[in-house]
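*Asks:* So you can see what is in the structure, the chains are spelled out below.
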Amino acid sequence: QVQLVESGGALVKAGGSLRLSCAASGFTFTDYYMSWIRQAPGKGLEYLSYISPTSSDTIYADSVRGRFTISRDNAKNSLYLQMNGLRADDTAVYYCAKTARIIELRGQGTLVTVSS
Amino acid sequence: DVVMTQSPLSLPVTLGQPVSISCRSSQGLVYSTGDTFLNWLQHRPGQSPRRLIYEVSKRDSGVPDRFSGSGSGTDFTLKISRVEAEDVGIYYCMQATHWPFTFGGGTKVEI
Chain A
19 QVQLVESGGA LVKAGGSLRL SCAASGFTFT DYYMSWIRQA PGKGLEYLSY
69 ISPTSSDTIY ADSVRGRFTI SRDNAKNSLY LQMNGLRADD TAVYYCAKTA
119 RIIELRGQGT LVTVSS
Chain B
4 DVVMTQSPLS LPVTLGQPVS ISCRSSQGLV YSTGDTFLNW LQHRPGQSPR
54 RLIYEVSKRD SGVPDRFSGS GSGTDFTLKI SRVEAEDVGI YYCMQATHWP
104 FTFGGGTKVE I
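Chains as they are written, first to last, in the working numbering: chain A, 19 to 134; chain B, 4 to 114.
Bound conformation, chain B alone (with noise of 0.2 Å):
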């Protein structure tokens, strides 16, 4: 299976102020097609989880453009430009490409 690391795990963090959390594949997620099925989801509080980001780098609609993904190969990194209140959450990163599909174990994201 391939693992999905990812950190930091928790990540207290200062309204206003950008941050990076990091996932790491154990293998290239480069699927036949040329496509990298690499996803980032957001679980905030009382809530169930949503995707942000698909495809690495394409941001779902509706969702801020203070968020943004990037990477390739087996490094891959989601970036919150300044961080918000309501950006409160954990983070997973997950890899589509080699079955079984696996996510990340989550990144803690504090105020």
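This is chain A alone, in the form it adopts within the complex (with noise of 0.2 Å):
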């Protein structure tokens, strides 16, 4: 079955950075293109990115392009969002998601909440 555990959320300040993590388990990680989506608070949904599996192929929305960075180590299983220069419309939860285009949503997100 799969899982996506996202963690790492936190309260920082406008300007700062954050890591957010996700563990991905229940099937062949290696396999599958991941990506990252957020909510801001009583808003809709919003695609970040995703990265392929062997990290050659990534993509950004550009409302974080260039102070966003997707990433994944493979050996871990695990996906990440390097997130600097945040602002306050970055708050949001975010979720990881198995697959870029047929995305599967597992986990019960990170939140992010930025302070101005």
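Watch out, some of these pointers could steer you wrong.
Partial chain A-side listing against chain B, Cβ under 8 Å, derived [unchecked claim]: (1) I77; (2) G127; (3) L129.
Quick caveat, the hints were computed from the structure, so don't treat them as lab data. We put the CB at the ideal spot given by N, CA and C, even for glycine.
Reassemble the complex: the two chains are provided individually, in unrelated frames, and hints are given to aid placement.
*Replies:* As structure tokens, this is what we get:
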């Protein structure tokens, strides 16, 4: 059974940095693209980024390009999102998902709060 | 960017009655492979979003068969044949054919 456990969310000041992690289990991690999606309070869902199995292919939404970096460690079955230059509008629950296009959300998400 | 427009925004329902949610995309969603990457997600209160339907009409394992997806081109529909209390929540369509992948604004289903 697919399990995705996000962690690393915290309260941080504007301009600060955070690194989110996602521990994956229940499937062959190295076979799949992985992605990050977020949901700001009271708002809809926003797709942020995806990464290929070998990390050779990454892509970012305009809202985070140049500030966020997606990465993965296949030996640890883990996905990461390094977030720099955080802004108040980055406040959201962040979810990792299995695959890029046919996203499978299985985790509870991790809350990032950016104070201005 | 592809704009996904859902209607209605809010949907009061009666238990046991059918429900239909519409999703329209500003561009066609057929990918170069011939696949159509249109997903439907359910977000129940207090829970995380989960995928219900992928590639227009493929239902996820564990999803009750009262849920069905259909459509083509730019018009897509999620149907619930007989609404149950556990179906309350917000439903989102999402396209993953054109980057950036985008979501509809959501349809709130409430009893």
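*Asks:* Determine for every hint whether it applies to the structure shown.
*Replies:* These are the hints, each one checked on the structure:
| no. | hint | result |
| --- | --- | --- |
| 1 | I77 | 6 Å, holds |
| 2 | G127 | 6 Å, holds |
| 3 | L129 | 12 Å, violated |
Checked against the numbered hints given earlier, this structure breaks only hint 3.
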